[in-house]
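S.K.: The residues making up each chain are set out below.
There are 2 protein chains.
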Amino acid sequence: MPQGLLVVISGPSGCGKGTVCGLLRQRHPEVVYSISATTRRPRPGEQEGVNYFFLTREEFQEQVTAGGFLEWAQVYGNLYGTPRAWVEQKLAAGHDVLLEIDTQGALQVKASYPAGILIFLSPPDLAELKRRINQRGTESPEEKEQRLQSARQEMAQIRNYDFLVVNDKVEKAVQKIEAILLAERCRVSRFDEQELKLIWGDKA
Amino acid sequence: MPQGLLVVISGPSGCGKGTVCGLLRQRHPEVVYSISATTRRPRPGEQEGVNYFFLTREEFQEQVTAGGFLEWAQVYGNLYGTPRAWVEQKLAAGHDVLLEIDTQGALQVKASYPAGILIFLSPPDLAELKRRINQRGTESPEEKEQRLQSARQEMAQIRNYDFLVVNDKVEKAVQKIEAILLAERCRVSRFDEQELKLIWGDKA
Chain G
2 MPQGLLVVIS GPSGCGKGTV CGLLRQRHPE VVYSISATTR RPRPGEQEGV
52 NYFFLTREEF QEQVTAGGFL EWAQVYGNLY GTPRAWVEQK LAAGHDVLLE
102 IDTQGALQVK ASYPAGILIF LSPPDLAELK RRINQRGTES PEEKEQRLQS
152 ARQEMAQIRN YDFLVVNDKV EKAVQKIEAI LLAERCRVSR FDEQELKLIW
202 GDKA
Chain U
2 MPQGLLVVIS GPSGCGKGTV CGLLRQRHPE VVYSISATTR RPRPGEQEGV
52 NYFFLTREEF QEQVTAGGFL EWAQVYGNLY GTPRAWVEQK LAAGHDVLLE
102 IDTQGALQVK ASYPAGILIF LSPPDLAELK RRINQRGTES PEEKEQRLQS
152 ARQEMAQIRN YDFLVVNDKV EKAVQKIEAI LLAERCRVSR FDEQELKLIW
202 GDKA
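If you read the sequences in order, they're chains G and U. Here our numbering runs 1 ahead of the position in the first sequence, where the first position is 1. Here our numbering runs 1 ahead of the position in the second sequence, where the first position is 1.
Mixed in with the good hints there might be a few duds.
Repeated chains share a single entry, so a pair holds when one copy, or any two copies, can fit it.
Claimed, not checked - Straight line, CA to CA, 25 Å or less: simulated DSS-like cross-link-like pairs of lysine-lysine:
id, residue 1, residue 2
1, Lys170, Lys111
2, Lys198, Lys131
3, Lys198, Lys173
4, Lys198, Lys145
5, Lys18, Lys198
For the record, the hints were derived by calculation from the structure and aren't laboratory data. Model, not experiment: these values are computed from the prediction.
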């Protein structure tokens with residue numbers, strides 16, 4: 002049974018990550034979506050092990066010390082992280098696992114799990130990103146300016162990624178991600194000796 | 002204009018290379034198929050620059066010394082090679098170039114053009130390869146045994162390739178190669194600074 006692929010999709014807000022991952026999710030129910038651990042309290046309706054793994058701050062920090070997260074971060078005072086054991090168990094069972102996280106998290110994943118595939122989803126250009134950010138009616142001009150600033154910083158991280166998928170059309174972006182998954186499953190370095198021997202049948 | 006991809010498809014005789022490349026060729030007229038140089042004399046109907054580039058032995062050897070071939074070999078006393086300048090010109094113009102060559106040639110290409118993508122096309126297993134080789138009615142038992150021997154040697158080279166495509170069904174094998182092309186076009190290391198700047202629009 003070949004190991005599954007760990008696929009990280011990230012990109013600045015306004016790149017269309019939510020829409021693209023939603024469509025992927027719909028078309029590929031066989032792909033496992035990672036569940037984060039958090040110290041934030043459950044909201045009504047949220048279920049342990051479905052929406053999040055809910056941890057106390059002490060439990061979370063013990064896990065950090067033990068190297069139990071592929072990546073973690075503090076957001077508005079709460080801690081969030083991707084549980085390493087849970088992800089590695091899914092991968093070992095042959096499932097592909099998808100992580101939808103920000104660029105800081107993505108780079109942490111690459112450091113803690115080098116076989117992970119980092120995909121940067123980008124808007125077609127800065128003008129389009131500005132347009133998408135401005136479309137959100139609910140934010141103040143300052144919030145919009147800050148979003149644009151951090152988008153610029155995130156874009157500067159592209160070189161640390163494996164793949165760049167420009168999201169001009171959602172359908173095309175999803176096709177590219179599907180192609181990346183199919184191609185990476187053919188990568189020679191992902192086959193173990195056992196699998197190769199099945200092909201050539203004896204000591205070649 | 003992004004540089005084209007140099008794609009090398011090779012694998013032992015009986016792996017179905019001809020059929021797979023034929024279907025690729027039919028579906029992707031935009032992909033350029035490499036034309037070899039040879040010292041062999043033209044056969045009736047063969048055209049210079051269409052089937053082969055015909056060279057004298059002296060011209061060929063001068064090219065070898067000048068590093069003019071991505072790979073070359075002697076087969077039954079004649080010299081065959083892939084002209085570097087011709088291929089690089091097509092790549093620079095943005096065309097993907099496909100080379101269908103044996104494993105020895107493939108490894109030479111990787112050495113002389115590291116950005117080349119090496120795809121190993123393999124039969125599903127050794128039993129199937131034996132069956133396919135035996136199906137060819139025209140060969141003597143000794144020739145068949147020799148083909149099987151060199152197939153074993155070629156299979157042992159898989160680890161030096163980038164991708165392994167198991168050819169159990171031609172349609173699926175072609176889809177995998179198409180996915181590899183699409184994915185590799187998204188590889189961050191294939192974008193130059195100019196192309197990235199077009200996206201983020203200014204000094205990020």
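S.K.: Against this structure, judge whether each hint is valid.
M.R.: Going down the list of hints, with the structure as the test:
no., hint, result
1, Lys170 to Lys111, "neither (27 Å within a copy, 34 Å between copies)"
2, Lys198 to Lys131, "between (53 Å within a copy, 16 Å between copies)"
3, Lys198 to Lys173, "between (37 Å within a copy, 21 Å between copies)"
4, Lys198 to Lys145, "between (56 Å within a copy, 22 Å between copies)"
5, Lys18 to Lys198, "between (40 Å within a copy, 21 Å between copies)"
Consistency with the previously given hints fails for number 1 only.
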